[in-house]
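Quick note: the sequence shown uses my numbering, first residue 1353, plus one each step.
Computed list of lysine to any residue pairs in SDA-like fashion (alpha-carbon distance at most 20 Å, straight line):
hint	residue 1	residue 2
1	Lys1618	Tyr1602
2	Lys1531	Pro1542
3	Lys1531	Ile1570
4	Lys1700	Trp1689
5	Lys1508	Asn1452
6	Lys1592	Phe1605
7	Lys1449	Ile1498
8	Lys1449	Ile1484
9	Lys1449	Pro1670
10	Lys1438	Met1461
11	Lys1586	Glu1558
12	Lys1592	Thr1579
13	Lys1618	Tyr1654
14	Lys1618	Thr1580
Keep in mind that the hints were calculated from the coordinates and are not lab data.
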Amino acid sequence: MKRKSERRSAWATAPPCSRRSSSTSPGVKKSRCSTPQQLHRLDQQDDLYLDITDRLCFAILYSRPRSASNEHYFSIDNELEYEKKKIIHFTGTDQRKQANAAFLIGCYMVIYLGRTPEDAYRTLIFGDTTYIPFRDAAYGNCSFYITLLDCFHAMKKAMQYGFFNFNTFNLDEYEHYEKAENGDFNWIIPNRFLAFCGPHSRSRLESGYYQHSPETYIPYFKNHNVTTIIRLNKRMYDAKRFTDAGFHHYDLFFPDGSTPAEAIVKEFLDICENAEGAIAVHCKAGLGRTGTLIGCYLMKHYRMTAAETIAWLRICRPGSVIGPQQQFLVMKQSSLWLEGDYYRQRLKGQENGPHRAALSRLLSGVDDISINGVENQDKQEPEPYSDDDEINGVTQGDRLRALKSRRQSKANAIPLTCPLAVVTSALCSVVIWWIVCDYILPTLVFCLDGFRTQ
1353 MKRKSERRSA WATAPPCSRR SSSTSPGVKK SRCSTPQQLH RLDQQDDLYL
1403 DITDRLCFAI LYSRPRSASN EHYFSIDNEL EYEKKKIIHF TGTDQRKQAN
1453 AAFLIGCYMV IYLGRTPEDA YRTLIFGDTT YIPFRDAAYG NCSFYITLLD
1503 CFHAMKKAMQ YGFFNFNTFN LDEYEHYEKA ENGDFNWIIP NRFLAFCGPH
1553 SRSRLESGYY QHSPETYIPY FKNHNVTTII RLNKRMYDAK RFTDAGFHHY
1603 DLFFPDGSTP AEAIVKEFLD ICENAEGAIA VHCKAGLGRT GTLIGCYLMK
1653 HYRMTAAETI AWLRICRPGS VIGPQQQFLV MKQSSLWLEG DYYRQRLKGQ
1703 ENGPHRAALS RLLSGVDDIS INGVENQDKQ EPEPYSDDDE INGVTQGDRL
1753 RALKSRRQSK ANAIPLTCPL AVVTSALCSV VIWWIVCDYI LPTLVFCLDG
1803 FRTQ
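Go ahead and model the full structure; you've got the sequences and the hints to work with.
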């Protein structure tokens, strides 16, 4: 888009062969081409016209026309003047909203301006400006935080590994399917990992949130090459409803709000590494357990830090990774990095006996490594999981799903002030009409009648 001054000069500096003759009436056109979608010239000059419909025409003119009795010209050339205005993205005094606004403008610097996460962060930190960190979705005190810098690093790596691209990202689809009533799922890695809310035996609305049957997801999964389903919570539906539709289905149960045992992590990674298509993972809400295991895959195969992993998971699916699951990912970071290095070496054909033995010794030694001052406390064997653990009482997943449904309903609801304003306006109109018709109008008629009889 040109600046206003540049557009003004364009009228005067048009090539001589493109100028309209001043003697030609601007409102009179010569014969048009019979084909509607064909450019043609007016008065043998270079003014171009394109017939859109019988009544609508698009034109590129080298002189300012005047409307005639049967033609109306209009232009927006002087309306759109964005280049001369400075664009200011502002926020208020709410510290949480300040952090969100800073995240958005920082991501713009990383994505569009090509700045490093550190440069973007330094730009936002001026004087004594500080931003509160981001916390998990759990209730109560928080012992683990994600900073703006962690988020910028996560976005940088997401761009680097092709997790996110504005040319392929479909905003309408994202906003549609993240809603509880439409399935409540998000892609973490496009065409590879999808996190979704746990299906139920039948679709219904219960306790304030939507429940969906497996059949709700099957058409979308088939259209997006999802081949594998991994369930992490208790059995709320029959797995045959997925397997009969051609999907591979696996159960890796562990308690809601807890961290997975080593055997579960290993089996999850093995399943994902051998899956040919995309993998859909769910627990009850598709947030805590789901995000934790997908996070293990991200750290192993993309060498993302635990903080970057949690940040990316929450950017894609807000509320992911909760409570002790955060520290669990921090403690698993080094061992998963080593496993990832070994996995990539094996794929390159560089594995041999001594390498395997050396790696085994390294992996056995990283259990006691402390990262960022957090010691590995994952020493005791977890208690055997039973489906009954989630049957009695409301679990963390239930609370998170209900909270998400309430927030989405609140965001989509029409404020109460709107219908109240409509009702009030209607009542006022009725009252005014009653006053006019019942008092003022008869009085006016009486006075006029008095003048007539005098």
